[in-house]
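Asks: Chain residues, written in single-letter form:
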Amino acid sequence: MKRTATFLILLLLVVACKKEKTVWENDWSTPIINDTLSLANLTNDSTLIESSGFYELDMSRTLFDLKISEFVSIPDTTIQEVFPAPVGLNLSPGFTFDNSTTEHVINLDDIQLKKIILDEGFIDIRVENPLATEIIFEVLLPGVSKDGVLFSNQYSSPAGTAANPGISNQTIDLSGYTLDLTGVSGGEYNVLVSTINLIAGQPGAFVLDPDPMKVDATFRGIKINYARGYFGNQIVSDTTNVFLEVMNSVQSGAIDLPNTSITFEIENGIKVSAEGTLTTVTNTNLSGNTVDLTGGQMGTSFNVDPATGTWDNLSPSLKSINFNSANSNIEAYIENLGASHDFGYSLQLNPWGNVSGGYDEVFSSSKLSVRMKANMPLTIGIDALVLRDTFDIQLNQDPEKTHIKSGELILQASNGFPISGSVKLMLCDQAGTVLHTVIGSSELRSSLYGAYSAKHGFEVEDSEIRYLLSEAVLNDINNVYTIIVESTFNSINPTTGVNEQMSIPFGAFLAVKLKTKFTSENKF
Amino acid sequence: MKGFQRFIAVLVLVLSAFHAQSQIIPLGYDTLKYSHEFFLDAGGDYYGSSVERDLLSKFIRGGMITEEIKDNSFNRHKAINRFGAVLGAEFEYRNYNKRIFKKKDWGFVIKGGYHLFAGMLYSKDLFGLAFYGNEPYMGETIDISGTNVSYMNFQKIGFGMIDSKTKSSVSLNVYNISDRFSGNFRTVKLFQDLAGDEITLEMDGEVDVKNNKKFNQGIGFGLDLDFKVPVSWGKNRKAFLRFQAQNVGFAYMYEKQKVYSFDTTFTFDGLTFNQLIGDDSFFGDSLNILDTLGIRTTEKNRTVMLPGFLQIGKIVDEHYDGKVQSFFGLRLYPSLIYSPYIFAGVDYRPAKWARIGANVAYGGFGGFRAGLYTNLTFDKYSVGVATENILGFFTKKASGQSLFIRLRCAF
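Residue numbers (this note's numbering), protein chains in the order written: chain U, 9 to 532; chain R, 6 to 416.
Simulated from the structure, these hints should not be mistaken for laboratory data. Be aware that a few hints might be false.
Below are the EDC-like pairs computed for lysine to aspartate or glutamate, each with C-alpha atoms no more than 20 Å apart in a straight line [unchecked claim]: (1) U:Lys525 to R:Asp184; (2) U:Lys413 to U:Asp470; (3) U:Lys375 to R:Glu207; (4) U:Lys123 to U:Asp155; (5) U:Lys381 to U:Glu416; (6) U:Lys327 to U:Glu273; (7) U:Lys525 to R:Glu145; (8) U:Lys29 to R:Glu203; (9) U:Lys525 to R:Asp59; (10) U:Lys413 to R:Asp59; (11) U:Lys413 to U:Glu529; (12) R:Lys401 to R:Asp59; (13) U:Lys432 to U:Glu467; (14) U:Lys531 to R:Glu73; (15) R:Lys401 to U:Glu28; (16) U:Lys327 to R:Glu207; (17) U:Lys525 to U:Glu416; (18) R:Lys129 to R:Asp184; (19) U:Lys531 to R:Asp202; (20) U:Lys381 to U:Glu33; (21) U:Lys413 to R:Asp198; (22) U:Lys531 to R:Asp76; (23) U:Lys154 to U:Asp118; (24) U:Lys231 to U:Glu78; (25) U:Lys75 to U:Asp246; (26) R:Lys38 to R:Asp274; (27) R:Lys194 to U:Asp35; (28) U:Lys409 to R:Asp198; (29) U:Lys29 to R:Asp184; (30) R:Lys129 to U:Asp35; (31) U:Lys531 to R:Asp59; (32) U:Lys525 to R:Asp326; (33) R:Lys129 to U:Glu33; (34) U:Lys29 to R:Asp59.
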């Protein structure tokens, strides 16, 4: 009896010894993405517009926009004037002992300005007075006026000595002033006339060995609102780059666009003639293939007429240069699907010299701009167009702990685009080697396979695509560092089975719901 | 979702990963005079109203919980279910020679022990969510409202006095609370449409967890009471009723507890692309999933009740001349998770040095159970082993396992 009891006790004591992990599986389902994509998601400007119920592509861009300061500007300039001091005079207050009218020439190279109106500008005047009496400087600018009143002002300079002259600093604000730069004779250019009267401010003693008085005038911060004259034979040239990020995802394939054209429009708001040249228009796609736009007036100079009118009725001249399928390789250019576009230009003002007799004019509202205009129906034929994007990812799950064992991603889509597509996921290791390729169970079907939706006004087709994440894939998930998402698109005509150009209905959308179903293996 | 599942699974694991505490082995009550008496009780009991042992044993011995095992337990679940466990080991030394308070019959008692109480009141859907996932519930509502979870792990030392004649005792204990968790999910409903396009989570409740890994989280004070009262039992016979209270008291958690409170409804039907990869990315640096779910987090000191119990019942009398006698009783824990537990059994004494017995019980964390015990005495030593769930050792259909051990030395 005792033995039996002891055995029973020992038996009960050893029944509970855990030997392995507890494991069970369960199934989970959860939504991940719920969103609707439309073309409005892909563009942040007015590139897409509606035309007769379909999208139209408006690729108009301003390539460059030159304003008044690009053509006419006055650099900061300092002019020094020296006045001999009175010798042996006993100066009494109010006595004008010197006056001087001077023409100051502003160096503007071959620009010959006769009249300018300033938005902003200053003259800094510095006077050194070696006399032992206060001197009053009366500054008159005969060609400088505002609201019909000539500029005139007095400034005083304190008494000083030859060793320590009295210093006076004054600033003249020229904002809003009109400057006549034709000099004393009225037939010059780039000449500013000034008259300075020196007046004794207090009784002064004789000066036996005087030093001269100095006046420095510095023109600075000149911003021109209006200019008239001859603007010279300037040449402006540059290359502008436009990068279309979305095109950088195009991996391969082709699109077929309808007959289209691109127009470069030159608007000249300056009353000056010009001669221009489009030197280069080129694009390069992701594969490095470059296509130059050729034909038409590429590389050929063209004339740009001056603007007409005046302040309130300025009428810019317009010059259009059109590249179409008939005169250029425009379709090949666009269908290269380049992301990087370079536009080179050259503009020469007054190609025939001063034929206006110095009557070139530029106003504050004047600009010389070049715009690219390209409106075309968004009618696209796509043939195996492959878009590829790469995402970094780092997932970590321990197979010895609770982890996802298998599962699938379920993509449910309602497609309003007449474009079909398939998406595959390539899971790559750190070296970029593809470890697994996950292919969808079917393709995203074109809207043309679907039924007409009265709500939307075009056909919509529903698709469900499943991406199986097998145990093999998930076992390698810790080694996945990048996921390449590669999408292949076609514009198949359901009737012919051939890729054709398709118009995109206005308001077309792709509603996407991505859900996941997975089995987790729980281990404790 | 994974965290919640892990929480449920860990809870189940914790509840099932220990062994036994002796509570119901009929005390061989005698009034013999001893000078010293040592007890060492150890053991535990885990069981539930619905989960089968076949599933629970996987958490103890490991192994794959198959669909069949899950189904068997799942099908036994009702709307409201219980599961829990008590685990502990306690020593007690009684000295009848040293008199305290100058009362000649009062000796003293010194005791110490380790205890763990864990219990859970839960819905059938919670079991389903933990073991099947949410996939089988598409188009339905997963309702785990009313789920109540309580867990405490504590140690105690106590000192008290004992009447050497009746062996009734009372002791004052000091407790160290080393771990504590409680959750009260008043309303938790997970709505899912049939297509799985949208999930709505309605939550109202709060969860307390410790906020650091310190061993000392709180201090408690409580009482153990043990009174034996003789009563008339049939003709010319006497029986003893035992009134027992163990670990009845309160504890103050001087380490702040992290309290998660929630009263919110959260609907999720997927992220937009902008939320996924755009400037407003859902996974940006500022992401706080708790804020997103409307869960508030605070830190609080808590005063909590110790998971003690009260028990009253007729015990086995060592001086009874017959071979068979009965015992029965009622046990109460101050917790909704533990329903009143009633038990009754028969004690058989085949030899002077041996007793065996069997009992049936109902309540506690589960339903009906049958128990078995034996107690052997060798001179001044005795050893007892018992189970309150004999089926747990023989069939996978049982709802838990139970094992108690008691060693006694009296001289």
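Asks: Next, verify each hint and record whether it holds.
Replies: Evaluation of the provided hints:
1. U:Lys525 to R:Asp184: With a Cα-Cα distance of about 37 Å, the restraint between lysine 525 of chain U and aspartate 184 of chain R is violated, given a limit of 20 Å.
2. U:Lys413 to U:Asp470: Cα-Cα ~29 Å, so violated.
3. U:Lys375 to R:Glu207: With a Cα-Cα distance of about 63 Å, the restraint between lysine 375 of chain U and glutamate 207 of chain R is violated, given a limit of 20 Å.
4. U:Lys123 to U:Asp155: Holds, at about 15 Å.
5. U:Lys381 to U:Glu416: Outside the cut-off at roughly 47 Å; violated.
6. U:Lys327 to U:Glu273: Given pair lysine 327 of chain U, glutamate 273 of chain U holds - Cα atoms ~6 Å apart, limit 20 Å.
7. U:Lys525 to R:Glu145: Roughly 17 Å separates the two Cα atoms, so the pair holds.
8. U:Lys29 to R:Glu203: violated (34 Å)
9. U:Lys525 to R:Asp59: Status violated; Cα separation ~28 Å.
10. U:Lys413 to R:Asp59: Not OK: lysine 413 of chain U and aspartate 59 of chain R at ~24 Å, beyond 20 Å, violated.
11. U:Lys413 to U:Glu529: Holds, because 6 Å separates the two Cα atoms, which is no more than 20 Å.
12. R:Lys401 to R:Asp59: Roughly 4 Å between the alpha carbons, so the hint for lysine 401 of chain R and aspartate 59 of chain R holds.
13. U:Lys432 to U:Glu467: Status violated; Cα separation ~25 Å.
14. U:Lys531 to R:Glu73: The given pair, whose Cα atoms are some 18 Å apart, holds under the 20 Å limit.
15. R:Lys401 to U:Glu28: holds (18 Å)
16. U:Lys327 to R:Glu207: violated (67 Å)
17. U:Lys525 to U:Glu416: holds (5 Å)
18. R:Lys129 to R:Asp184: violated (27 Å)
19. U:Lys531 to R:Asp202: violated (29 Å)
20. U:Lys381 to U:Glu33: violated (61 Å)
21. U:Lys413 to R:Asp198: violated (25 Å)
22. U:Lys531 to R:Asp76: Distance ~19 Å between lysine 531 of chain U and aspartate 76 of chain R Cα, so the pair holds.
23. U:Lys154 to U:Asp118: violated (27 Å)
24. U:Lys231 to U:Glu78: holds (11 Å)
25. U:Lys75 to U:Asp246: holds (15 Å)
26. R:Lys38 to R:Asp274: violated (74 Å)
27. R:Lys194 to U:Asp35: holds (18 Å)
28. U:Lys409 to R:Asp198: Not satisfied, since the Cα-Cα distance of roughly 31 Å exceeds 20 Å.
29. U:Lys29 to R:Asp184: Since the Cα atoms of lysine 29 of chain U and aspartate 184 of chain R sit roughly 24 Å apart, the hinted pair is violated (cutoff 20 Å).
30. R:Lys129 to U:Asp35: Status holds; Cα separation ~17 Å.
31. U:Lys531 to R:Asp59: Distance of about 17 Å is within 20 Å: holds.
32. U:Lys525 to R:Asp326: Violated, because 69 Å separates the two Cα atoms, which is more than 20 Å.
33. R:Lys129 to U:Glu33: At roughly 18 Å apart (the allowed maximum being 20 Å), glutamate 33 of chain U and lysine 129 of chain R satisfy the hint.
34. U:Lys29 to R:Asp59: With Cα atoms ~15 Å apart, lysine 29 of chain U and aspartate 59 of chain R stay inside 20 Å; holds.
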